[in-house]
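S.K.: Please put together the full structure from these sequences, using the hints given.
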Amino acid sequence: MTSTFGVYGGRYVPETLIPALDELEGAWRSLAGDESFRAELGGLLATYAGRPTPLTRVERFSPDKRMYLKREDLLHTGAHKLNNALGQAVVAQRLGKRRIVAETGAGQHGVATATVCARFGLECIVYMGSEDMRRQAPNVERMKLLGAEVRPVEFGTRTLKEATSEAIRDWIANVETTYYLIGSCVGPAPYPEMVRELQRVIGSEARAQILAAESRLPDAVVACVGGGSNAIGMFFDFVPDADVRLIGVEAAGAASLGSGRAGVLHGARSSLLADEDGQILDAHSISAGLDYPGVGPEHAFLRDSGRAHYVTATDDDALAAFHRLCETEGIVPALESSHALARALDADAELVLVCLSGRGDKDLAEVLAR
Amino acid sequence: MTGEDARDRVERSNRAKTLVIYLMAMPETPELARAAVEAGADIIEFGFPFSDPLADGPVIRRAGERALAAGMRTKRCLECLAETRAILDRPLVPMTYSSLLDAYGWERFERDAHAAGATSLIITDLPSDVRPELRRVQLVAPTSTDERLQLAAGTTDGWLYLVTVTGITGARSELAPTLAPLAERARAVTSVPLYAGFGISKPEHARAAADVVDGIVVGSRAVEAAERGTRELSALVTSLRNALDDA
Chain F
47 MTSTFGVYGG RYVPETLIPA LDELEGAWRS LAGDESFRAE LGGLLATYAG
97 RPTPLTRVER FSPDKRMYLK REDLLHTGAH KLNNALGQAV VAQRLGKRRI
147 VAETGAGQHG VATATVCARF GLECIVYMGS EDMRRQAPNV ERMKLLGAEV
197 RPVEFGTRTL KEATSEAIRD WIANVETTYY LIGSCVGPAP YPEMVRELQR
247 VIGSEARAQI LAAESRLPDA VVACVGGGSN AIGMFFDFVP DADVRLIGVE
297 AAGAASLGSG RAGVLHGARS SLLADEDGQI LDAHSISAGL DYPGVGPEHA
347 FLRDSGRAHY VTATDDDALA AFHRLCETEG IVPALESSHA LARALDADAE
397 LVLVCLSGRG DKDLAEVLAR
Chain D
2 MTGEDARDRV ERSNRAKTLV IYLMAMPETP ELARAAVEAG ADIIEFGFPF
52 SDPLADGPVI RRAGERALAA GMRTKRCLEC LAETRAILDR PLVPMTYSSL
102 LDAYGWERFE RDAHAAGATS LIITDLPSDV RPELRRVQLV APTSTDERLQ
152 LAAGTTDGWL YLVTVTGITG ARSELAPTLA PLAERARAVT SVPLYAGFGI
202 SKPEHARAAA DVVDGIVVGS RAVEAAERGT RELSALVTSL RNALDDA
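The listed protein sequences derive, respectively, from chains F and D.
Letter by letter, the first sequence follows residues 47 to 416 of my numbering.
Letter by letter, the second sequence follows residues 2 to 248 of my numbering.
I should point out that these hints are in silico values taken from the structure, not numbers from a laboratory.
Treat the numbers as computed from the prediction; the structure is a model and nothing was measured.
Do not take every clue at face value.
[Unchecked claim] Coverage of chain D stretches by chain F, computed from C-beta distances (three or more under 8 angstroms per stretch; other residues unrestricted):
hint, region
1, 90–104
2, 126–132
3, 140–154
4, 166–180
[To be verified] Simulated restraints on C-beta separations:
hint, chain 1, residue 1, chain 2, residue 2, range
5, D, 108, F, 376, 33 to 39 angstroms
6, F, 374, D, 133, 40 to 46 angstroms
7, F, 72, D, 233, 45 to 51 angstroms
8, F, 80, D, 109, 42 to 48 angstroms
9, D, 247, F, 140, 36 to 42 angstroms
10, F, 84, D, 115, 51 to 57 angstroms
11, D, 107, F, 374, 49 to 55 angstroms
12, F, 410, D, 130, 45 to 51 angstroms
13, D, 109, F, 254, 35 to 41 angstroms
14, D, 233, F, 415, 45 to 51 angstroms
15, D, 63, F, 53, 30 to 36 angstroms
16, D, 233, F, 369, 37 to 43 angstroms
The beta-carbon is built from N, C-alpha and C at its ideal position, and this holds for glycine as well.
M.R.: So, in structure tokens, the structure goes:
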């Protein structure tokens with residue numbers, strides 16, 4: 047009973063991993079409704095991660111419409127990634143796994159994973175493309191400080207795609223002792239659904255907060271989409287609100303949903319940047335976190351169903367929005383989130399809610415080099 | 002598997018263990034496959050390269066990158082398969098990943114591969130419970146439960162591929178200790194031939210594996226030898242053949 051999202055999702059992995067995925071799926075099904083699990087995770091989110099995160103009105107950034115930012119940048123470690131890492135670390139502990147492997151692109155998921163491993167005393171190995179290690183050097187140092195081993199991936203695009211493949215290969219070889227702590231709503235079932243459930247807290251808080259502030263739902267909810275975990279977490283509780291437009295913003299050079307085709311990558315069928323033979327193409331973005339040719343299968347499903355819309359922002363669009371938020375609001379956004387800010391500015395809507403998925407300290411070198 | 006292939010397999014199994022050699026599809030693969038068969042290979046696995054081969058170690062990953070750079074896309078691989086079929090009467094089994102079939106069309110791929118001379122298929126990242134209608138050689142691993150062994154054995158096409166290790170492809174110094182218990186569990190649920198692969202690279206491995214299974218698959222080491230030419234590949238296959246026949 048592996049979960050799929052319409053024709054997307056599933057499990058396209060070597061047989062070696064199937065028993066581990068069955069075990070994980072069984073554990074997740076029982077934990078999802080388990081009071082002690084929810085209480086443990088809820089306590090950690092409140093006392094360690096800093097939830098709930100605030101909603102901030104940005105009048106100077108957006109003078110012509112009412113815009114609110116959901117401040118995941120204020121979460122411990124500086125991005126929404128910690129919601130997922132904390133949740134999965136608790137799952138790993140319930141499964142008795144003491145060795146954690148993860149992949150990282152921008153380094154935010156690697157930092158979140160290294161953080162929870164330090165917190166729980168788990169061994170932590172993070173695979174990271176050597177090109178991303180160059181672009182995101184401060185995060186590499188942070189992971190090392192937190193006790194993680196960062197293993198450079200030196201082949202292919204040297205970015206998130208190859209880092210993910212290497213993390214999965216490590217997992218295949220060490221599956222009996224190792225938990226694979228995936229960083230986005232991608233991968234074989236049950237990962238996309240589990241990551242969505244762990245990130246749902248973003249949208250459920252934001253929905254209540256904007257209702258409290260405005261006494262109505264927003265016209266549009268905007269989030270950036272790489273693998274898509276902050277977006278799926280932000281969107282999910284708004285899906286039944288048919289009048290709320292859901293807008294995902296991809297990097298123009300990594301638009302898996304906007305210009306992709308159906309294909310299979312990293313264990314799931316989704317919309318991908320691939321050629322007509324099913325060979326995966328390279329993605330290109332200034333933002334390491336969006337530089338990925340795949341996307342979570344549930345986003346492909348939401349696109350096909352018409353419930354969510356996916357647009358793009360260029361590197362220059364993102365940089366302009368980055369500078370504007372710094373200068374008008376005193377908030378340094380991640381380059382990933384800056385894509386969402388760029389499209390939120392020109393959204394045809396009166397009341398807009400944007401997921402500010404992370405802070406931009408890690409991106410200063412990249413921005414200043416422009 | 003055709004009736005003729007099946008009889009051939011049975012005859013051969015009476016006198017020797019089966020030797021399966023993996024080659025990555027390249028323009029020169031037909032000649033390499035012929036050299037491998039002349040040196041004693043019984044079955045050729047024919048790799049269709051994929052850009053992101055999750056189950057493969059560095060040797061096959063790099064061979065795939067070279068093949069893609071040489072233009073070995075799905076259509077060209079099928080032509081190469083047909084060229085090999087034209088000069089060989091041994092079983093030829095394309096081995097690849099789901100992404101290629103999803104893009105080409107699952108049924109169309111199966112039909113065109115068979116038309117080009119494929120004996121069966123191996124899809125590395127397609128677990129046996131997914132698309133069971135696609136006839137293929139199923140893989141099982143040391144982590145497979147007895148229930149999954151049964152499922153794979155019940156749907157496999159001709160023989161069962163035993164992944165010797167909990168891991169990815171690539172040569173290893175010793176034969177994995179996980180093979181014997183896996184073979185024993187597989188024997189308990191099926192009478193189909195069991196061929197073991199992943200990590201088998203040397204004559205010593207071949208001899209040791211022959212004690213517990215009906216055949217072996219050599220991949221990464223064969224790909225390395227093939228890159229150096231037919232003579233090196235023939236020497237490797239001969240040494241493996243001799244090791245199996247002496248076992």
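S.K.: Now tell me, hint by hint, if it's right for this structure.
M.R.: Structure-based check of each hint:
{"no.": "1", "hint": "90–104", "in the structure": "holds (count 7)"}
{"no.": "2", "hint": "126–132", "in the structure": "holds (count 5)"}
{"no.": "3", "hint": "140–154", "in the structure": "holds (count 9)"}
{"no.": "4", "hint": "166–180", "in the structure": "holds (count 4)"}
{"no.": "5", "hint": "D/108 x F/376: 33 to 39 angstroms", "in the structure": "violated (59 angstroms)"}
{"no.": "6", "hint": "F/374 x D/133: 40 to 46 angstroms", "in the structure": "violated (58 angstroms)"}
{"no.": "7", "hint": "F/72 x D/233: 45 to 51 angstroms", "in the structure": "holds (48 angstroms)"}
{"no.": "8", "hint": "F/80 x D/109: 42 to 48 angstroms", "in the structure": "holds (46 angstroms)"}
{"no.": "9", "hint": "D/247 x F/140: 36 to 42 angstroms", "in the structure": "violated (51 angstroms)"}
{"no.": "10", "hint": "F/84 x D/115: 51 to 57 angstroms", "in the structure": "holds (52 angstroms)"}
{"no.": "11", "hint": "D/107 x F/374: 49 to 55 angstroms", "in the structure": "holds (52 angstroms)"}
{"no.": "12", "hint": "F/410 x D/130: 45 to 51 angstroms", "in the structure": "holds (49 angstroms)"}
{"no.": "13", "hint": "D/109 x F/254: 35 to 41 angstroms", "in the structure": "violated (50 angstroms)"}
{"no.": "14", "hint": "D/233 x F/415: 45 to 51 angstroms", "in the structure": "holds (48 angstroms)"}
{"no.": "15", "hint": "D/63 x F/53: 30 to 36 angstroms", "in the structure": "holds (33 angstroms)"}
{"no.": "16", "hint": "D/233 x F/369: 37 to 43 angstroms", "in the structure": "violated (59 angstroms)"}
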